[in-house]
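Enquirer: Dock chain B against the given chain A, drawing on the hints supplied.
Chains as they are written, first to last, in our numbering: chain A, 2 to 112; chain B, 9 to 122.
Please note that the accuracy of each hint is not assured.
Quick look at which bits of chain B chain A covers, simulated, 3 or more residues with Cβ under 8 angstroms [said to hold, decoys possible]:
#1 35-44
#2 110-122
Computed spacing ranges between beta-carbons, pair by pair [unchecked claim]:
#3 B:Ala-9 with A:Gln-18: 28 to 36 angstroms
#4 B:Ala-9 with A:Gly-41: 14 to 22 angstroms
#5 A:Leu-12 with B:Asn-49: 17 to 25 angstroms
#6 A:Thr-15 with B:Ser-88: 44 to 52 angstroms
Sample of chain A residues facing chain B (criterion: CB under 10 angstroms; computed from the structure) [claimed, not checked]:
#7 Tyr-34
#8 Gln-45
#9 Gln-101
#10 Gly-106
What the hints contain is simulated information worked out from the structure, not anything from laboratory work.
Glycine included, C-beta positions come from ideal geometry on N, C-alpha and C.
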Amino acid sequence: EAGVTQSPTHLIKTRGQQATLRCSPISGHTSVYWYQQALGLGLQFLLWYDEGEERNRGNFPPRFSGRQFPNYSSELNVNALELEDSALYLCGGRTSSYEQYFGPGTRLTVT
Amino acid sequence: AQSVAQPEDQVNVAEGNPLTVKCTYSVSGNPYLFWYVQYPNRGLQFLLKYITGDNLVKGSYGFEAEFNKSQTSFHLKKPSALVSDSALYFCAAEGYSSASKIIFGSGTRLSIRP
Chain A
2 EAGVTQSPTH
12 LIKTRGQQAT
22 LRCSPISGHT
32 SVYWYQQALG
42 LGLQFLLWYD
52 EGEERNRGNF
62 PPRFSGRQFP
72 NYSSELNVNA
82 LELEDSALYL
92 CGGRTSSYEQ
102 YFGPGTRLTV
112 T
Chain B
9 AQSVAQPEDQ
19 VNVAEGNPLT
29 VKCTYSVSGN
39 PYLFWYVQYP
49 NRGLQFLLKY
59 ITGDNLVKGS
69 YGFEAEFNKS
79 QTSFHLKKPS
89 ALVSDSALYF
99 CAAEGYSSAS
109 KIIFGSGTRL
119 SIRP
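Isolated chain A (complex conformation):
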């Protein structure tokens, strides 16, 4: 069984640009969670999608958005990039036993 995949591995953008990050969950899993891991700030919950709908979002501005496709893969979009958006973005899912699992992450660098 393939694990969670994320692309790209690294992404370099300049301030003001838009970034698009992609995630594919484990086959058969319908939920996708997005987290931001910025240096020194731990993991911050961003978004939760399930069955194609946004179920919850963290305390992030509206320029952080996303969607989930019919095949349950997901996209995270960050508009009007700021320097402080530089971080590792993790996506993953959750088992029926409440355990979260994660992909390898996308390292976003904003210059």
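Expert: This is chain B only, laid out in the frame that chain A set:
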């Protein structure tokens, strides 16, 4: 506001000694509690959880955690540390409503010296 606190940014322990990584939470109700570990270049992995029942839960790699409701704590422990335990550890809490957010602590870097 709900939160998870890991008061120590770094914990240093000699190999073979017991280790404790502290976590306290402020989440309404009876949250589910978790520990995750992030090894360099190996991503973030589930370690153990408390849902209900026995206050001492056992997880992977010989780790265990003690749930204390009165102190709202969920400290991670291991009787004898290994150098390979050196990693970044995150405590997390989740309320069990359908719209609950999962709240992570800021992480504690555990360093085990030979």
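Enquirer: Tell me the hint numbers this structure goes against, listed in increasing order.
Expert: none
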